[in-house]
Structure formats: structure tokens, C-alpha cells
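Since chain A is already given, all that's left is putting chain B on it; use the hints.
Sequences listed follow chains A and B, in order. Take 1 as the starting number for the first sequence in this note's numbering and just add one per residue. Take 1001 as the starting number for the second sequence in this note's numbering and just add one per residue.
For the record, the hints were derived by calculation from the structure and aren't laboratory data. Where a beta carbon is used, it is the ideal one built from N, C-alpha and C, also for glycine. A few of these clues could be false.
Some residues of chain A that are not near chain B, with every Cβ distance over 12 Å (derived) [what the hints assert, rightly or not]:
id, residue
1, 17
2, 125
3, 135
4, 238
Calculated lysine-lysine pairs in the DSS-like style (CA-CA distance at most 25 Å, straight line) [claimed, not checked]:
id, chain 1, residue 1, chain 2, residue 2
5, A, 145, B, 1281
6, A, 239, B, 1312
7, A, 193, B, 1279
8, B, 1020, B, 1274
9, B, 1274, A, 193
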Amino acid sequence: MLLEVKNLKVYFYTKRGVVKAVDDVNLYLDKGEIVGLAGESGSGKSTIGYAIMRLVPYPGKIEGGKIFFNGENILEIDEETFRRNYRWKKISMVFQGSMSGFTPVFKVKDQIIEVLRVHEWKGDYEERVRELFKMVNMDPSLADKYPHELSGGQKQRAFIAMALALNPEVLIADEPTTALDVIVQENILNLLKQLRKELNLSILFITHDLALLSEISDRDYILYAGKVMESGPSEIIFKKPRHPYTTLLIESIATLDKDMIKGIPGFMPDLSNPPKGCRFNTRCPFAKDICFKEEPKLKAFSDGDEVACWLY
Amino acid sequence: MTRLLAGSTEDYVVKVKNLKVYFSKGNPLFGKKYITKALDGVTLTIRKREIMGVVGESGSGKTTLGRVTIGLQKPTEGEVYIKADNEEINVVKAKLKVISKYVQMIYQDPYSSIDPIMRVYDVLAMPLKYRKERDIEKKIEEAMNLVELPLELLENRVYQLSGGQRQRLSIARAIIVDPKYVVADEPTTMLDASLKGEILKIIKDARERKGISFMLITHELPIAKIISDRLTVLYLGKVVEMGRSSDVIRKPLHPYTQSLIEAYPKIDPSLRDKPKEIKIKVDIIRPEKGCVFYPRCPFAMPKCKEEEPQLKEVEQEHYVACWLY
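For reference, chain A alone in the conformation it holds in the complex:
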């Protein structure tokens, strides 16, 4: 296991109360694997990404759990060592909306060089930028442009190049294709698949778009209201899911072969006051007495699927 998250809890201390955005989440990522972290807004998927980077924004705090990278708990390392030796060097991230993550006043090249300089990269900076641009299938001459001179897809690829600048082992991609057109989306997916193959990169792919995810991930975690509802190989998650939430969510995705889509009635509970028992109990069509009393634990099946549901 390259990366392992154990019993992670991230709480946000807001005026309205303590919001348990991530509540006891376990997950892992192997070398060269693409793992999906999927859920709707408010499920805590991005917060997990930020926690791994140790960048949880105020007023959030990591309240418990461990995050192991190559067997070492990175939550116990002091901030300066983590910044120097881990963040961006071992684990880097493509942020949500990172197309607008470049500052408009400097050339793309100079912004990537800054990353190399701050981390005391040994070697020719210009040469490294050219190498990175080739890696993400872009003409190296585009590095001399200002961000506004690039298209959305080009900016996204340039940001991926920046994330790969220091040869990280893990890439956290938070909604890397949201706000891009379909053709460009597929192009970015192809790029990530290619990078996994060429660099043996491990990718944690965070998204709300399950159809897209199904085309890239090896395994997936389905999150709801800060909890993992189901996890397993993509063949199971997308073709034979067990949890009612996963099943309903996949039925509600619009694809071209469907004539109508169903929704899931109701909405996500307030996480400063989550319901007792299973967190999906307010919307679940199969909810029975026990679901309102006791929280289901993840149960493992022989096909690699794990489900937190009282039906099993």
C-alpha cells in the first residue's frame, strides 16, 4: 500500500456547530492504481483530498485518524519537513477549478519554474519545463504563453504538468475535468491513463461524475455525508452495486442510452446534526427500524466489494 488513510475524521468548527464533513473514513491506494472517490456535493470527497495534502482550510481540522505514505504517518511529520519533502514532491494535487489556478500576470513557464526553484530542483529548469510539456502532449512553445492565451483544456494540461514537476508518486485529481467540454474531458482522461502507464503514477480521482469515473478507475469509494457507503472494484460498483445509494445514484446518471432518469427524493442531511443510525436513512427506500438506531459497519464480500448497509 502506497497511501493508506485510516479512520480519518475532519470536522469544521462553524458558528452553526461542528460539521462532521469526513467521519471515520478508511481508504488505500496502491502503486500505479487509479482509485475513484465519488460522491455528491457535501459528501466530503474534496476534504479527504485536502487532508492528504495537509491543506484542510479554516475552520476545518483533522480531528483523528492516520494517513500513511509508504508506511509513515504523514500527519505526525512537522509542517516544514512535510512542505519540503512530501507536499508536491511525493504527493501533488490538481485542484478543482485549477484552470484558473495560474496567476494571469506571469507566463505559464515561470510559474512552473517557481515550483522547481522553491523545491531546489537539481537540473536545467527550462529543459524540465519542455520535458513536462511533452509529457502532457503539449507543444513546449506554449509554455511561453500567458494563461489567458491558452484554452481551458490546455490550461488544465499545463496544471497537470505543474503537478508532475517534481516526479510525485501520488496525484490527487480533484474534479480535473469539470467545466471542460466533453471532447476535452475525454482528452484529459486519456492523458491520465497514459501518465499512469508511463510513470506508474498512482491517481486518486475525485469526482461527482460517475459515468466519467467508470471509464478510468480500477476501484472506487462511494461517499455519502462524510461516510464510505460502498467500495470495491469498478466492475462491481458500476455493474452490480449492493448499496441502495450506489444503485440509485447510478440509475440517476443521464447517459445517451437512457430515455428517462430517476432521482433520489430528499436531500443530504445537515452534517452538524447528522441523523442517528445510517446517514442515508432519510432517503433510503429500504430503511427499516435498525437503520434509524444503529450505524451499519462495512461488510466485506468475496468479490472485493465492501458495503455499509443493514440489508446485508
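Relative to the frame of chain A, chain B by itself:
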């Protein structure tokens, strides 16, 4: 162009003829002036009780088209008519106050398109009071029922509602005044997957029960397919294909529509090991002349670079602008 209007003798609600909207950027005092052709010669009709899906990528001009048809944007050239109560309104010339009797709009972002501190009741009562309508209570109840919001919410403030509830309210606000024609601009884009289906059902219900015509603007092809009767595919301000939704999706004629449909994600984990083939070039290039799509087209011929193809009825009610046909 005239061929496209062949079928328009029937009952139409919106008629758009050779519409052009150009935006100019840059200050002429400092030399360079750029012209962006947001819409370049669009002709279409929307029939009574019809949901017309307008799809295209960013920059295709779909939002501009919606805005022009309800008078929020003046075109550079072209005509727009709305037919209501056997009266034809020239949208380009008429005052907004006249147009707004018959048209409404539903916006993409339910968080910024409704005043968050208003009471739900007031959001719905305001347009009725403005029109000096009667039976306000009854109409509000009816609209709340249609969008499936509980009546208890009427006393709540908008900020207390969830995103899905706000989008329902936004639809209720649009249909409560009995418009003839509603433009819904990406109404499901900001919503979670589990909420999209219900919003589509509500729009369909509104059409059934009130006989409203809709223009549904979206970049999500499956959403457009599910809800609309006909589809218009826009590319860089031009209509490249138009037809019954099922025909366009099942048998796309234009190379652009074909590649959009191929690229659209399917729920299929077996695809994950191989990269997906993308036949067209990824980046958008706007050519000086000829077909707008030829710089990306895998089938481009010499003719495509020189001459612009016009919309042509290739099959019944299925139009395409491409030299392949």
C-alpha cells in the same frame, strides 16, 4: 435557409430568422478591434408545447440564442417573432414590458438567481402582484404543487432552502404567470446527479399541464435527449444539425454531432485500460471562411475550406449543414 422554414406553416410560438449577434471587443482608439460572432445566421422555430433542446460546447452561442429570443439581447441582424394569443410580436422591436407578458427564464444557478432573504411566498407573489392578477393564493398553491414543494415552505426564507428546492422555486416563479415560452438555461447543471431527474420531470409536467413551449439550453447531451422533442446542435454560432431528438442521437449526420456522441461517457468500466479514440481535433479553431468545423473535421474536403454548407433536409425533419450530404 428557406428550406428550414418549410415546416413552419404550422403552429409556432417562436420564430427566429437569420439571426446574427456580433460582439466587438477592444477599443477602436487603440487600433485593434476584434469581432466575435456569437451567432451567425441562425434560423429555427419552436412549436406550441414543444421542448427544443439547444446543445453545444462553451462558446457555441447557445446562451446568447436564448437571451435574444426573449428580448434580453438585441441582435446585430435578423428577426425574432413570438406568437401569443394570435398576435405576432416582433421581439427585436417590441418593448421588454410587452415581451415579458409572454416569456420567462430559468437560470443555471439557483443560488444567485433568487434573492436569498425573500420569503418563498413573496418570490411567487411578486410577479402576480406586478401583473395585478387575482386569485394569488390559489395560483401560488397550484405552482407549489406542480414543482412538488411542500406548502409549509411558503413562510421560509429562500436561504433556508437546498439547491434542489431553490431550482424548483425558480421554475415555479417562471411558470406562475402562465408564459407561452420559457428559456431554461442549463437548469440542471448546478445540481447533483440525484436531483437532476426530478427537475426534468417537473419541466415535462409544466409543458403537459400548461402547454408551455421551452427552449432547453444545455451542454449535457443526455439531458437534452431525455427531455426535448427536437434538438438543435450549435457550433461556433451556427446550427450544424437539427432534428427530432431520437433521430439526432440514433443517427447523427454531422461529424461534429457524431464525435460528441462517441465521446460522451458511458457507464462502462471495461473501457478503462485503453484510451478512447477521439477522431476530431481537440482544440477549437475559428476559420476565416468555409465550413466553421473544417479545421477539426476528419472528413474535410477542399470544398469545405472555401464554401460554407447550408442547412439541408437530408431525412424528414432532419437537417444538417455539411458537404458530405
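Hint check:
With a minimum CB-CB distance of about 16 Å to chain B, residue 17 (chain A) clears the 12 Å threshold, and the non-interface call stands. A cut-off of 12 Å between C-beta atoms confirms that residue 125 (chain A) is not in contact with chain B; the least separation is 27 Å. At roughly 15 Å from the closest C-beta of chain B, the C-beta of residue 135 (chain A) stays outside 12 Å, upholding its exclusion from the interface. Against the 12 Å criterion, residue 238 (chain A) falls within the reach of chain B, whose nearest CB is about 5 Å from its own CB.
Pair hint residue 145 (chain A) plus residue 1281 (chain B) holds up; C-alpha atoms about 21 Å apart against a cutoff of 25 Å. The suggested pairing of residue 239 (chain A) with residue 1312 (chain B) is violated, with an alpha-carbon distance near 41 Å, which exceeds 25 Å. Restraint check: the Cα-Cα separation between residue 193 (chain A) and residue 1279 (chain B) comes to about 18 Å, which is no more than 25 Å; the hinted pair holds. A C-alpha spacing of about 42 Å is found between residue 1020 (chain B) and residue 1274 (chain B), which places the hinted pair above 25 Å, so the restraint is violated.
Between the alpha carbons of residue 1274 (chain B) and residue 193 (chain A) the distance comes to roughly 8 Å, so the proposed pair stays at or under 25 Å and holds.
Checked against the numbered hints above, the structure violates hints 4, 6 and 8; every other hint is satisfied.
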